[in-house]
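Trainee: Given these sequences and hints, build the entire structure.
Going line by line, the protein sequences match chains A and B. For the first sequence, counting from 1, position 122 maps to 129 in this note's numbering; every step adds exactly one. For the second sequence, counting from 1, position 120 maps to 125 in this note's numbering; every step adds exactly one.
Bear in mind the hints are in silico, worked out from the structure with no lab data behind them. Note that the Cβ used here is the ideal one computed from N, Cα and C, for glycine as well. Where hints are given, some of them may not hold.
[What the hints assert, rightly or not] Computed Cβ-Cβ distance ranges for the label pairs, DEER-style:
#, chain 1, residue 1, chain 2, residue 2, range
1, A, His138, B, Ser66, 36 to 42 Å
2, B, Gly95, A, Ile57, 43 to 49 Å
3, A, Asp109, B, Ser66, 17 to 23 Å
4, A, Ile65, B, Arg67, 28 to 34 Å
5, B, Asp55, A, Thr99, 26 to 32 Å
6, B, Val27, A, Asp76, 26 to 32 Å
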Amino acid sequence: MEKRPDSPIDKPGDNAGQDPEAVVHHVSQRKKRKKGVGGEDMDLNLTSMIDVIFQLLIYFVITANFMIDEGTILATLPGNAAESAEQQKPQTPINIFLQTGDDGRTYTIKVDNVLVAGPADLYAYFSEQIHSGKMAADDPVLINPMGYVRWQHVVNVFNACVRAELTEVGFAPS
Amino acid sequence: MSHVTRRGPVQPKLNITPLIDVVFLLIVFFLLVNNIVTDEVPELKLPDLDKPQTSEAQGDSRVIVNIVPMQQYDGDPGPGTPIGEVLARGGDAEYVSVGKKKWKISEEGALKEFREFVADSIASRLKTNPNRPPIVMLRADAAIYYEQVLPILNALQLAMVDGGLDPKIAEQIAVNLVAYMPKD
Chain A
8 MEKRPDSPID KPGDNAGQDP EAVVHHVSQR KKRKKGVGGE DMDLNLTSMI
58 DVIFQLLIYF VITANFMIDE GTILATLPGN AAESAEQQKP QTPINIFLQT
108 GDDGRTYTIK VDNVLVAGPA DLYAYFSEQI HSGKMAADDP VLINPMGYVR
158 WQHVVNVFNA CVRAELTEVG FAPS
Chain B
6 MSHVTRRGPV QPKLNITPLI DVVFLLIVFF LLVNNIVTDE VPELKLPDLD
56 KPQTSEAQGD SRVIVNIVPM QQYDGDPGPG TPIGEVLARG GDAEYVSVGK
106 KKWKISEEGA LKEFREFVAD SIASRLKTNP NRPPIVMLRA DAAIYYEQVL
156 PILNALQLAM VDGGLDPKIA EQIAVNLVAY MPKD
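Mentor: Structure, rendered in structure tokens:
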């Protein structure tokens, strides 16, 4: 088949008299990217940032403990235990007196007039009293600390009473 | 290993954008939670008990009352610290706090304001959920003198009655003493 002289495929007269290398054809950006012609791809180096972020993440994961090591013991507030217990049982409550030593760190426990060495002995004392039938688990008990007894000791004594399964333990009003 | 195509070798690339998104979200979460926890619950050295009878507090509606000493514990205030070190500090309390609110104990009228705040807090919680009264938790530092805790216990008791809790129900007028959990 003979080519038409004005065919768009081949126009012999178009570049006549021109240097073929000097002709600049328009190449679209899309084609440039496809062919790898023109600008290079820009890369952001994220490695150091990721390193820092992971360090931060590990720090927060390790330091966040959400207070899982804290628990509670239910205690009746001053006045309530004595009042409610006395309404049910008209009897004088057993008093636990706490006195602090001169150094402010040691303390003594007295159950009415009996001197007890520490919370472990207090637990043993009440357990023995309950098992021998000398007292009942629901007998009212009042913890009566001196002003300078530390909270550590007060709660420790309270804990020993709860451990001995006493149900009516309270704090003496001031 | 790079694949070879008609256009040449292909460089393998890892798309880490979703990874960075997730990691950033986690960091933001931990930052926020950390701030909330330290605001609501200041670091205290809690009572470390012999054979503790503590259990996890039940109920999601809580009023946490903190009694913070003048001399904070220097170092990690976790369980197992020798008791001598704990009690070497002074036993005076500096302030009592509920959430972000603080009342200096030495200031006149502080306990009255504290009592009113707790009463309002209990009342508003009871209004939204009358069947589930909030539980009151007392976090006091182990070194604090009992004489400093007692007025706060009394104020709490009055606040609970003012807030609308039935004083006849002993369980509802009780307070949860916070101490360390058993080690096992």
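Trainee: Confirm or reject each hint.
Mentor: Evaluation of the provided hints:
1. Checked against the hint of 36 to 42 Å, the pair A:His138 and B:Ser66 passes, with Cβ atoms roughly 39 Å apart.
2. Checked against the given bound of 43 to 49 Å, the beta carbons of B:Gly95 and A:Ile57, roughly 47 Å apart, stay inside it.
3. Separation of A:Asp109 from B:Ser66 is about 44 Å and departs from the stated range, judged on CB atoms against 17 to 23 Å.
4. Between A:Ile65 and B:Arg67 the beta carbons are some 30 Å apart, a value that agrees with the proposed interval 28 to 34 Å.
5. Between B:Asp55 and A:Thr99 the C-beta distance comes to about 28 Å, which sits within the given range of 26 to 32 Å.
6. The hint said 26 to 32 Å for the Cβ distance between B:Val27 and A:Asp76, and at roughly 29 Å that hint holds.
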